[in-house]
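Trainee: So you can see what is in the structure, the chains are spelled out below.
2 protein chains.
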Amino acid sequence: MTRTPVRFAVAVAVAAIAPLLAAASAARAQAVDPQTIPSTYRQVADRLIDAAVANQHAYERLGELVDRFGPRLSGSQSLEKAMDWARAQMEQDGLENVRSEPVMVPHWVRGEESAALVQPWRKDLAMMGLGGSVGTPAGGITAPVYVVSSFDDLKAHAADAKGKIVLFDAPFVSYGRTVAYRVNGAIEAAKAGAVASLIRSVASYSIYSPHTGVMRYDSAVRKIPHAAITVEDAEMLHRMQDRGQPVVVHLEMGAKTLPDAQSQNVMAEVTGREKPDEVVIISGHMDSWDVGQGAMDDGGGAVAAWEAVRLMHDLGLRPRRTVRVVLWTNEENGTRGGEAYARDHAAQLDKHVLAIESDGGVFKPQGFGFSGPDGAMPIVQQVGKLLDRIGAGSVTRGGGGEDISPMMHEGVPGMGLQVDGERYFWFHHSNGDTLDKLDPGQMAECVATLAVMAYVVADLPEPLPHGGSSR
Amino acid sequence: MTRTPVRFAVAVAVAAIAPLLAAASAARAQAVDPQTIPSTYRQVADRLIDAAVANQHAYERLGELVDRFGPRLSGSQSLEKAMDWARAQMEQDGLENVRSEPVMVPHWVRGEESAALVQPWRKDLAMMGLGGSVGTPAGGITAPVYVVSSFDDLKAHAADAKGKIVLFDAPFVSYGRTVAYRVNGAIEAAKAGAVASLIRSVASYSIYSPHTGVMRYDSAVRKIPHAAITVEDAEMLHRMQDRGQPVVVHLEMGAKTLPDAQSQNVMAEVTGREKPDEVVIISGHMDSWDVGQGAMDDGGGAVAAWEAVRLMHDLGLRPRRTVRVVLWTNEENGTRGGEAYARDHAAQLDKHVLAIESDGGVFKPQGFGFSGPDGAMPIVQQVGKLLDRIGAGSVTRGGGGEDISPMMHEGVPGMGLQVDGERYFWFHHSNGDTLDKLDPGQMAECVATLAVMAYVVADLPEPLPHGGSSR
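Read top to bottom, the protein sequences are chains A and B.
Position one of the first sequence corresponds to residue 1097 (the working numbering), numbered consecutively onward.
Position one of the second sequence corresponds to residue 1097 (the working numbering), numbered consecutively onward.
Mixed in with the good hints, there may be bad ones.
As the list makes no split between identical chains, a pair holds if one copy fits it or if it spans any two.
Calculated cross-link-like contacts (lysine-lysine; reagent style BS3-like; alpha-carbon spacing at most 27 angstroms) [said to hold, decoys possible]: (1) K1352 to K1219; (2) K1258 to K1319; (3) K1219 to K1177; (4) K1371 to K1447; (5) K1352 to K1177; (6) K1251 to K1287.
Treat the hints as calculated values from the structure; they're not laboratory data.
Computed from a prediction, not measured in an experiment: that's the story for all the values here.
The following block holds chain A by itself, in its conformation from the complex (with noise of 0.2 angstroms):
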């Protein structure tokens, strides 16, 4: 996941309006009584989490696409070839309406790249450029480091850092207000006239592995190369520091950004039985960073969602709507596949009953964060009862996807797979985000929990009151 603080905060303020359409839904959610659904839906609830949980094909799935392909920065030939392969796979498994819909993607390249520690003494320094970032000159660029612990400070000293290779060493205290540094630290550090900086990677553990991700650059402001070390690196250059010993780095990045390339967002669904033009949407994101293999972020949710329709499809489950998976492009640096959905399928936004990403990893699920109108939030949680016997059950305020984002900007409820995160962080954007930091079984339990819920909701005698969050 992305996540940038912006986006969400964009979603909320939209969703202050969405009372509105939610009272004009809540005459039609009246017919639903909530407190049916756990015996109504149990038996079949209870056959897809069997199913799910029956044997490993999720993760094996999930290997294939890993291993085949590694990982899926937008614009490269390795998520083209995952997206064809998915669309393939899924005309296998007999899901209906398989298909591409075009999405242009920003293209970023890294090109090679490194640092190094020159002074006080000569170190390689383990690093990534920084998703946008443009390179640095032909022959790096090697000046002294200004180390940093915030935006305030330097700001305070904002004198020392001119000429310097800027570096950020912020620890982490959330993603949400750490990676602040990562987003905006080039135009912090330029309007400073630092030539070039860098960032602590944002991770909240480390065995001396840089993490990437996403930033920006202001067009009022000179556009310098970004960079994330090592927390262990970023660390001893603020030691140095503070014993006022000299640090220089040597800075070396071929990085760019070249035209805008072709992608797909690819769907496929199990199509509903009475009102097919109704959709639940169940989906992850199939680009990834450059790096690692993309499992954890956000493979494994891809693969998860598309598996939890496979098993409808496979036990012969057809709900009254349609469930519909969507493996997303262009998650990471743009958010364009989940904006072209939002804007090719505007017309039939309100007839989106709910949209579902999973995007914080499928590690043991826990349930889902619910963002829509209050009076949708006693039957998801009803259907969550459904989940309690592999403790997934939990149904709570906030959440969405950075994909689904756009749709729940026009009103359409949405809700994001809530797992065991203690260590996403550990691996996000890292070369460590291999297919082994996942479990077979949690993902499984993940299909079973994204599966129960779709098809449930899909399937109810009346939609879920539509309309945005009213907090």
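Please build the complex by placing chain B on the supplied structure of chain A, with the hints as guidance.
Mentor: Below, chain B alone, put in the same frame as chain A:
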């Protein structure tokens, strides 16, 4: 630490003859009533503990060491500069008999090295050549990979390994067992006709970090290059093979062994007030692998031992016998420091009352493992009671250290600091072995633990019973 199983096995075997020595000194030991130790030494032990935990001096000194000199492989300038610095600092500390004793050490250099997956898709593989390995021919080796899970697996499929790069994907069971693939993997792979061998890093957890360490050749078997890749990549290559995907790797290593280099053990003392020729050794090793900072293995142990002696000096505590801190050279790939000491001091070893080493990290201390005569156990266990207030009072059977094992071999009782080592093999011999992995408060407690044990044993009215362990 290296802790190769062979050396420890030798120490244990020799220890079997130790009861003879122990019996000879049993009469002397009777004069010490172990039960009186806690009350006799409570006050001085509390002074040492209170002084150790009053500040972060040990951690700051370790920071100076690892940030100023970096990693310190035998034969490197950084090791000798660090040794010279330590000796000068010991003089400044006011310690007595500060000196170096010369040691010739192996001089292996890593050179430029890299590995890349060539088939089924192109990917750089993080790797580390193993200490002592030969390099590849110029231009490297490109060959299909054959993955095995164990030596037995290799033997059962030896024909499949011929002409290939053998990869040992042996999951971590325990260091003692799993390190066999690092130590002997090149020999067994070469016997099967392999052109090079790779191991899954010997690590109990990984965020894509390769781990180095010592390896061996057999003079009767062809020498082939031997390197470690990450747990993640080893598992991926194994899955690819299981899936029938062709796996081809390019390996390039500039490793070579140069003529032995001049090094040194550095030592200093608080000289005994009554029996200066009777000695308690307290020690850690200054050399490390050429990666990370060697902060945990074993800069922390070396500095903790040093600081324990400095504390005695600063508090004006002078025990009956001499307490000598030794900063060993060449623990990692030769144990030449420990061997030179035992050889050069052979005539005095019967007056070496106890040798302590800290080489398991300076995490939360738990106590000591002791290898010595049965008659000594109740005594050192009573000393341990003085450490119960910081939870470090456990003294159990069995323990020592690689550098003190040559002395232990000659009958000197040995003792190893025991700490909470849960994450030790997460960082061991990797770029993740850096200062930040240690905690200043825990390190101070390790200093206290070493200081109390060394001081009290050095001050007892009668020397500790001599001789090795009966088990």
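Trainee: Against each hint, give a clear statement of whether it holds in the structure.
Mentor: Each hint tested on the structure:
In this homomeric assembly, K1352 and K1219 come within 27 angstroms of each other (Cα to Cα) both inside a single copy, at 26 angstroms, and across copies, at 20 angstroms. Taking the shortest Cα distances, K1258 and K1319 sit within 27 angstroms of each other inside one copy (15 angstroms), while across copies they are farther apart (53 angstroms). Taking identical chains as interchangeable, the C-alpha atoms of K1219 and K1177 lie at most 27 angstroms apart only when they sit on different chains, with a minimum of 16 angstroms there against 38 angstroms within one chain. In the homo-oligomer, the alpha carbons of K1371 and K1447 lie at most 27 angstroms apart inside one protomer (10 angstroms), although the nearest pairing across protomers, at 92 angstroms, exceeds that limit.
For the homomeric pair K1352 and K1177, the shortest alpha-carbon distance inside one copy (22 angstroms) is at most 27 angstroms, but the shortest distance between copies (42 angstroms) is not. When the C-alpha separation of K1251 and K1287 is checked against a cutoff of 27 angstroms, the pair qualifies only within one copy, where the shortest distance is 10 angstroms, while the shortest distance between copies is 63 angstroms.
Comparing the model with each earlier hint shows no violations; every hint is respected.
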